[in-house]
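Dock chain G against the given chain V, drawing on the hints supplied.
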Amino acid sequence: AQKITQTQPGMFVQEKEAVTLDCTYDTSDQSYGLFWYKQPSSGEMIFLIYQGSYDEQNATEGRYSLNFQKARKSANLVISASQLGDSAMYFCAMRGANRDDKIIFGKGTRLHILP
Amino acid sequence: EAQVTQNPRYLITVTGKKLTVTCSQNMNHEYMSWYRQDPGLGLRQIYYSMNVEVTDKGDVPEGYKVSRKEKRNFPLILESPSPNQTSLYFCASTTGGGDTQYFGPGTRLTVL
Chain V
1 AQKITQTQPG
11 MFVQEKEAVT
21 LDCTYDTSDQ
31 SYGLFWYKQP
41 SSGEMIFLIY
51 QGSYDEQNAT
61 EGRYSLNFQK
71 ARKSANLVIS
81 ASQLGDSAMY
91 FCAMRGANRD
101 DKIIFGKGTR
111 LHILP
Chain G
1 EAQVTQNPRY
11 LITVTGKKLT
21 VTCSQNMNHE
31 YMSWYRQDPG
41 LGLRQIYYSM
51 NVEVTDKGDV
61 PEGYKVSRKE
71 KRNFPLILES
81 PSPNQTSLYF
91 CASTTGGGDT
101 QYFGPGTRLT
111 VL
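Same order as they appear, the protein sequences are chains V and G. In terms of the working numbering, the first sequence has 95 at position 95, counting the first letter as 1, and numbering is strictly consecutive. In terms of the working numbering, the second sequence has 57 at position 57, counting the first letter as 1, and numbering is strictly consecutive.
Just chain G, with the same shape it has in the complex:
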């Protein structure tokens, strides 16, 4: 089954404790991205990747890092989480033509 998986689905952590949210897709997509969703703001792109070792900043990259060492994986790293990073995070991957974007199930992060 074609899918995007994220882990963990829920995470409560404390300020400053480094964390990683994993994202994996099994569709051999080149393009992957991370979004955060906040009430009243819709989805905002954090980082995206066009291929292995090729990443670029989205609209709200501050406080986040990503890496793309393998085509299927695109982890999101918060080196020193802060409460304003409490949000719902989505990973997504896109077909080569870019006309369909598949989303992961979301990770709800709370930073205390």
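Bound-form chain V, shown alone:
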């Protein structure tokens, strides 16, 4: 069965520092997709970044990058130069080989950026 693990329930980071949010996954599929979402206190879910299992390069979107280590089954989110507005809950998620497969979520990491 597929599983997503986020081992950091909460983190406090100084503004302007880089942040790494951990995510490990477990799947027997050869092809899969990995996602990160941000949920600010207002409640909406905001898509941040996607990594396909066969993508050779790590995905990047602005200040967000995904450190994909396939052999270790890890997909950590890296936020460079953190900002106060980055304070939010962050969820790692995974989809199986087929686009019709379910998407499963980790339990999330609450990130607090300190001024």
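Think of the hints as simulated: they come from the structure by calculation, not from any bench. Backbone N, C-alpha and C define an ideal beta-carbon position, used for all residues, glycine too. Any given hint could turn out to be false.
[Said to hold, decoys possible] Cβ pair distances, simulated, as ranges:
1) 56(V) / 15(G): 50 to 60 angstroms
2) 65(G) / 46(V): 24 to 34 angstroms
3) 44(G) / 58(V): 43 to 53 angstroms
4) 8(V) / 53(G): 35 to 45 angstroms
5) 83(G) / 30(V): 18 to 28 angstroms
6) 102(V) / 71(G): 16 to 26 angstroms
7) 43(V) / 26(G): 31 to 41 angstroms
8) 67(V) / 59(G): 20 to 30 angstroms
The following block gives chain G in isolation, referenced to the frame of chain V:
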């Protein structure tokens, strides 16, 4: 503007009173799904739909029904709500490639 809309955004109801939460997307996506979010549990999928008239159970389908009569709409139905269904509900739709999932704004449901 590409978006997923949900209504209502907030709902307080009583046990046993049937309710429907609507979800609509304007992106012509085939794949839509419903999640509930509870503290410490992350998001759990309730039901999903691969296309019109094609639905399947997610991880926590008990107590819920869905229908997909049109591509753009995917309502969530609680025939007889109970207090353990008090939660934050999200509808989402996905592109054909499945690499981006768009979420609705959420519906906060309280069942007394």
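The hints, checked one at a time:
1. 56(V) / 15(G): 50 to 60 angstroms: 53 angstroms Cβ-Cβ, so the 50 to 60 angstroms window holds.
2. 65(G) / 46(V): 24 to 34 angstroms: Taking Cβ atoms as reference, residue 65(G) and residue 46(V) lie about 29 angstroms apart, which means the hint holds.
3. 44(G) / 58(V): 43 to 53 angstroms: Distance hint for residue 44(G), residue 58(V) is violated at roughly 28 angstroms.
4. 8(V) / 53(G): 35 to 45 angstroms: 42 angstroms, holds
5. 83(G) / 30(V): 18 to 28 angstroms: 43 angstroms, violated
6. 102(V) / 71(G): 16 to 26 angstroms: 20 angstroms, holds
7. 43(V) / 26(G): 31 to 41 angstroms: The hint (31 to 41 angstroms, Cβ to Cβ) is violated, given that residue 43(V) and residue 26(G) are roughly 21 angstroms apart.
8. 67(V) / 59(G): 20 to 30 angstroms: 28 angstroms, holds
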